[in-house]
Amino acid sequence: AQKVTQAQTEISVVEKEDVTLDCVYETRDTTYYLFWYKQPPSGELVFLIRRNSFDEQNEISGRYSWNFQKSTSSFNFTITASQVVDSAVYFCALSEQGGSEKLVFGKGTKLTVNP
Amino acid sequence: DAGITQSPRHKVTETGTPVTLRCHQTENHRYMYWYRQDPGHGLRLIHYSYGVKDTDKGEVSDGYSVSRSKTEDFLLTLESATSSQTSVYFCAIKGTGWMNTEAFFGQGTRLTVV
Numbered sequence: 001a002q003k004v005t006q007a008q009t010e011i012s013v014v015e016k017e018d019v020t021l022d023c024v025y026e027t028r029d030t031t032y033y034l035f036w037y038k039q040p041p042s043g044e045l046v047f048l049i050r051r052n053s054f055d056e057q058n059e060i061s062g063r064y065s066w067n068f069q070k071s072t073s074s075f076n077f078t079i080t081a082s083q084v085v086d087s088a089v090y091f092c093a094l095s096e097q098g099g100s101e102k103l104v105f106g107k108g109t110k111l112t113v114n115p
Numbered sequence: 116d117a118g119i120t121q122s123p124r125h126k127v128t129e130t131g132t133p134v135t136l137r138c139h140q141t142e143n144h145r146y147m148y149w150y151r152q153d154p155g156h157g158l159r160l161i162h163y164s165y166g167v168k169d170t171d172k173g174e175v176s177d178g179y180s181v182s183r184s185k186t187e188d189f190l191l192t193l194e195s196a197t198s199s200q201t202s203v204y205f206c207a208i209k210g211t212g213w214m215n216t217e218a219f220f221g222q223g224t225r226l227t228v229v
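Protein sequences, first through last, are from chains A and B.
Quick note: the first sequence, position 98, residue 98 per my numbering, numbers continuous.
One gets my numbering by counting positions in the second sequence from 1 and adding 115 to each.
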């Protein structure tokens, strides 16, 4: 069965600190997708990244980076030099390829960046 | 922005009444999902659809039903609303194929059952 675990419920950092949000997933499929979404205080869900199960390359986008490790079933998200605008709830999600493609989310990690 | 709209955006209803939420898309995407978001629980999947008239249950489907009679509309019905169904409801759509697997979300519907 699909499952996504975000063990960190809340994280609080001071601006300019680096912070890593953890995501561990479970799936029986060999083909799947992993996602990160951001939900700022305004409430909308913003797509950040998609990674398929055949691509274990890490990705960097500005201050954001993602580390995908199939060996540990993890897809962690790091924000470098955090800013107040990064304060949000971050969700990790998993979709198995093919068929119904059920999309399952973790419970989210609330990040607060203090000035 | 992806063409997905939810209606209504806000609703207050009384316990025991039926309520229908609508999700409408203009992207012709195959997959559609309904989630509820509650503090401490994140986004929980209620029901989802993988085609017209093809639907399946998620983890919190009790008390909810769905219908998808055409590609663009996915309706969520609370058969007899209860206070425990007070929540924010999100609809999402997703395409198919390797380059089209990002899920887009609607703005959400805040439902209060009194």
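You may find that some hints are simply not true.
[Claimed, not checked] Cut-off 25 Å, straight-line C-alpha distance, at most; resulting in silico cross-link-like pairs (BS3-like, lysine-lysine):
no.	chain 1	residue 1	chain 2	residue 2
1	B	K126	B	K172
2	B	K172	A	K107
3	A	K16	A	K102
4	A	K70	B	K126
5	A	K16	A	K38
6	B	K168	A	K102
7	A	K3	A	K70
8	A	K70	A	K38
9	A	K3	B	K172
10	A	K3	B	K185
11	B	K172	B	K185
12	A	K70	A	K107
13	A	K16	A	K70
14	B	K168	B	K185
15	A	K3	A	K107
[Claimed, not checked] Between beta-carbon pairs, the in silico distance windows are:
no.	chain 1	residue 1	chain 2	residue 2	range
16	B	S199	A	T72	32 to 40 Å
17	B	V203	A	V85	20 to 28 Å
18	A	T9	B	R225	48 to 56 Å
19	B	G131	A	N58	46 to 54 Å
20	B	T120	A	P40	16 to 24 Å
In short, the hints are calculated from the structure, not lab data.
Beta carbons are placed, not taken as given, at the ideal position from N, Cα and C, and that holds for glycine.
Evaluated hints:
1. K126(B) with K172(B): 24 Å, holds
2. K172(B) with K107(A): Holds. K172(B) to K107(A) sits at ~19 Å (cutoff 25 Å).
3. K16(A) with K102(A): Judged against 25 Å, a Cα distance of about 37 Å means the pair is violated.
4. K70(A) with K126(B): 43 Å, violated
5. K16(A) with K38(A): Holds, at roughly 19 Å.
6. K168(B) with K102(A): 16 Å, holds
7. K3(A) with K70(A): 15 Å, holds
8. K70(A) with K38(A): Holds. K70(A) to K38(A) sits at ~23 Å (cutoff 25 Å).
9. K3(A) with K172(B): 15 Å, holds
10. K3(A) with K185(B): 30 Å, violated
11. K172(B) with K185(B): 19 Å, holds
12. K70(A) with K107(A): 21 Å, holds
13. K16(A) with K70(A): 30 Å, violated
14. K168(B) with K185(B): 8 Å, holds
15. K3(A) with K107(A): With Cα atoms ~11 Å apart, K3(A) and K107(A) stay inside 25 Å; holds.
16. S199(B) with T72(A): 32 to 40 Å: 36 Å Cβ-Cβ, so the 32 to 40 Å window holds.
17. V203(B) with V85(A): 20 to 28 Å: 22 Å, holds
18. T9(A) with R225(B): 48 to 56 Å: 23 Å, violated
19. G131(B) with N58(A): 46 to 54 Å: 52 Å, holds
20. T120(B) with P40(A): 16 to 24 Å: Hint holds: Cβ distance 20 Å, inside 16 to 24 Å.
The structure fails to meet hints 3, 4, 10, 13 and 18 from the earlier list, while all remaining hints are met.
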